[in-house]
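Below are the chains, spelled out letter by letter.
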Amino acid sequence: MRKTIQKDFFIITYGPTKLFDITPKILNICKNVKKGFINIFSKGSTGALLILPRENQVIEQIEKELWNLIPVYGWKHPGNAYAHLRSSLISTSLNILVENGKLIIPENNGVFFLENQFTNARRRHIMITIIEKN
Amino acid sequence: MVEINEIESYGKGAYDITHFVKKYIDKNKIENGLIIISALDQLCALTMIEYEPNLINDLGKLLENMPINNDYVKLSLFHRTLIIPLYNNDLFLGSFQQVVLIDLNKEKGIRKIAIEKVDL
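Those protein sequence lines, which keep their order, are chains A and B. Sequential numbering from 236 applies to the first sequence in the working numbering. Sequential numbering from 478 applies to the second sequence in the working numbering.
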């Protein structure tokens, strides 16, 4: 038997190329999961989800490097093609194993939301679907 | 049960397959859960992007300009399988977010995708 639960939350972001650590919110939702799997999904076509080290210096470096992943200019789609293309490549869907309320990911790593848009105080909707063995 | 859908492809390009997934949801009367979609062609991958002609053209340019010639390597940067939440009878997607099949086959033909559900 399995149990499937969905829980969502919102974050307020700014950008572009800013990473937001959403690990505490995910851990709070998963705190009672003994053994299972979660899908994390951010709604919208310009964000992205990544597993990265939870170290400020590393995150700042990654934010700088992300500018080189997809060029900002030179596209046909007006304005934010680079943001859509980054999102399409990195993806807005992430799957992680959970055991005893802990995410099974590399030590000292966390889940980050990447805001690719030129924006201020943007509301992002994130859904967590938990599939737990009963 | 896994459902196989056939997509008529005109060859190399990107195809909006969101309606196939929505049809599957309607047919199976699922309200909440997860939808799993897999591309079953060796030269196809899946992504989520706004299906707007200019942006699809940009996606093609991105693939074209990758510093590699091998189509299998290019496709390996995308997913073969997508997992999308289903929430209140609909895919949990943004207004400008569609499910898109990237096809790098030169010839036209039928491409297959598999759809399965994990309901609440």
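The hints are simulated quantities; they were obtained by calculation from the structure and are not laboratory data. Please read these numbers as outputs of a predicted model, since none were measured by experiment. Errors might be hidden in some of the hints.
To be verified - No farther apart than 27 angstroms at their CA atoms in a straight line, the calculated lysine-lysine pairs in the DSSO-like style are these:
1) Lys311(A) <-> Lys504(B)
2) Lys238(A) <-> Lys489(B)
3) Lys311(A) <-> Lys551(B)
4) Lys538(B) <-> Lys238(A)
5) Lys242(A) <-> Lys504(B)
6) Lys238(A) <-> Lys551(B)
7) Lys585(B) <-> Lys500(B)
8) Lys266(A) <-> Lys311(A)
9) Lys504(B) <-> Lys238(A)
10) Lys311(A) <-> Lys594(B)
11) Lys500(B) <-> Lys278(A)
12) Lys278(A) <-> Lys551(B)
13) Lys368(A) <-> Lys506(B)
14) Lys499(B) <-> Lys594(B)
15) Lys270(A) <-> Lys499(B)
16) Lys585(B) <-> Lys278(A)
17) Lys242(A) <-> Lys594(B)
18) Lys242(A) <-> Lys538(B)
19) Lys238(A) <-> Lys594(B)
20) Lys270(A) <-> Lys253(A)
21) Lys242(A) <-> Lys506(B)
22) Lys489(B) <-> Lys311(A)
23) Lys253(A) <-> Lys538(B)
24) Lys337(A) <-> Lys594(B)
25) Lys538(B) <-> Lys299(A)
26) Lys278(A) <-> Lys499(B)
27) Lys266(A) <-> Lys594(B)
28) Lys260(A) <-> Lys594(B)
29) Lys489(B) <-> Lys551(B)
30) Lys311(A) <-> Lys583(B)
31) Lys278(A) <-> Lys538(B)
32) Lys299(A) <-> Lys551(B)
Claimed, not checked - Some chain A residues close to chain B (C-beta under 8 angstroms, calculated; not the full set):
33) Asn303
34) Ser328
35) Met362
Said to hold, decoys possible - Quick list of the computed label-pair ranges, beta carbon to beta carbon:
36) Glu483(B) <-> Asn369(A): 34 to 44 angstroms
37) Leu554(B) <-> Trp302(A): 36 to 46 angstroms
38) Trp302(A) <-> Leu517(B): 31 to 41 angstroms
39) Pro259(A) <-> Glu483(B): 39 to 49 angstroms
40) Val550(B) <-> Met236(A): 33 to 43 angstroms
Just so you know, even glycine gets a beta-carbon here, dropped at the ideal spot from N, CA and C.
Task: Hint numbers not upheld by this structure, sorted from lowest to highest - done: The structure conflicts with hints 1, 2, 4, 6, 8, 10, 15, 16, 18, 20, 33, 37, although it agrees with all the remaining ones.
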